[in-house]
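K.L.:
Could you build the full structure based on these sequences and the hints that come with them?
Line by line, the protein sequences are chains A and B.
Read in the numbering used here, the first sequence has 12 at position 12, and its numbers run on one by one without any break.
Read in the numbering used here, the second sequence has 79 at position 79, and its numbers run on one by one without any break.
I should point out that these hints are in silico values taken from the structure, not numbers from a laboratory.
There could be a bad hint or two in this list.
Straight-line distance between alpha carbons at most 25 Å, and here's what the computed DSS-like set of lysine-lysine pairs gives [claimed, not checked]:
1) K188(B) <-> K78(B)
2) K188(B) <-> K117(B)
3) K78(B) <-> K13(B)
4) K82(B) <-> K13(B)
5) K152(B) <-> K108(A)
6) K117(B) <-> K56(A)
A few chain B residues that don't get close to chain A, going by computed Cβ distances all over 12 Å [to be verified]:
7) A8
8) G32
9) F61
10) R81
11) A86
12) G110
To spell it out: a stretch of chain A is covered by chain B in this simulated footprint if at least three of its residues, at any positions, have a beta carbon under 8 Å from a beta carbon of chain B; those stretches are [unchecked claim]:
13) 32 to 43
14) 77 to 83
15) 112 to 121
16) 127 to 139
Glycine is no exception: its CB is placed at the ideal position from the N, C-alpha and C atoms.
Here are the chains, one letter per residue:
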Amino acid sequence: MKTHQSNSNHAPKSDHLDDSELKMPLYSGPIVAATLSALLGLFTLVVTHHVSRLTKGLDQMIHSYGYWMPGSTGTGPDGSIGNYSGKETLALIVWGVAWLLFHYLWRKQDFSLRALTPLFIGTLIFLMLGLFHPIIDPVVLFIAGLFGYAAS
Amino acid sequence: MDHPAIDAHQLTKFLIRFQAICALVLLLMVSGLDFFFPTQYALKAAVHGISAISALVVGTFITHRAYFLLRGARTNYKSLRKWTAAATLLNFLGAVSGNWIYMRYRGQDGPRDWILKNVPDFHNVLMEFKEFVSLFPFPLMVVATFTLFYYKDHIHLRHDMKQFIAIIMMTSWFFLMLGFVSGLILAKLRFV
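P.N.:
This is the structure we're talking about:
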């Protein structure tokens with residue numbers, strides 16, 4: 001996906017901005033870092049959701065990451081957010097850490113956004129289908145079975 | 001005889017704004033009137049509904065701006081940055097208020113209990129899908145906002161970047177719609 005280090009091939013002339021106004025080349029690395037980290041965060045959301053459904057222990061473990069969130073626990077008519085708080089927390093952590101790391105690594109790199117686009121859309125479709133239980137449950141159970149887990 | 005017409009530019013501008021304001025007010029009433037519903041969770045429902053509708057409206061507006069980016073046409077980046085930041089904020093409010101109303105959804109004798117008893121697939125499939133898909137637009141809109149602020153007006157020099165941001169804005173809108181419609185179906189099925 002990495003193509004080149006300069007932006008010369010991607011700089012169409014504009015009627016109010018041109019290359020001479022730029023002090024630095026425009027690298028696409030920061031966009032790629034932001035996008036891939038966001039996708040990783042969403043992937044974490046999907047994975048933690050399915051993992052939490054496997055056993056009570058895994059459910060409690062994931063829930064425990066969200067205890068800091070107001071309303072994460074509780075019973076009665078007012079209810080609680082439950083393990084959803086833990087899934088959101090883990091997704092936020094993965095998103096944030098990955099973004100910082102990727103941005104630091106790729107801030108002066110240039111990548112092909114044309115190549116990233118189908119990857120981005122394909123991943124979103126995959127994640128979306130990964131949340132549709134009638135489709136994904138047999139797959140999850142198969143993978144869980146390989147690790148010795150059976151759905152509770 | 002001279003038949004002076006109304007200034008077409010002014011008339012069009014007025015009608016576009018009038019139509020947009022009418023649509024916005026009427027749409028906001030869909031959830032705004034939740035405040036007066038006979039439930040002790042009316043505030044939570046109204047806040048979530050209003051933030052979700054606002055996020056959808058601004059997200060839809062952003063997709064119209066995105067077409068200019070896709071084509072590589074000139075656009076007002078300062079205004080686009082503001083609208084994208086507003087969309088991000090509204091998505092965040094939608095997610096936070098979603099957590100707030102979700103508590104009651106899961107509460108004792110709440111909508112989840114009723115749905116599981118009567119039409120379990122609406123919870124097991126639709127709600128389990130909706131609660132996560134509704135979170136997708138926020139990070140996507142954060143990426144778009146970050147990019148527009150990071151590169152400022154210089155993004156105009158890279159058509160590939162503009163196209164990519166436009167695609168992100170459109171995917172964000174798609175997930176906003178999915179979450180919104182699923183939420184509406186569930187609220188119609190069993191209100192809090």
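K.L.:
Which numbered hints turn out to be false for this structure?
P.N.:
Violated: hints 1 and 12.
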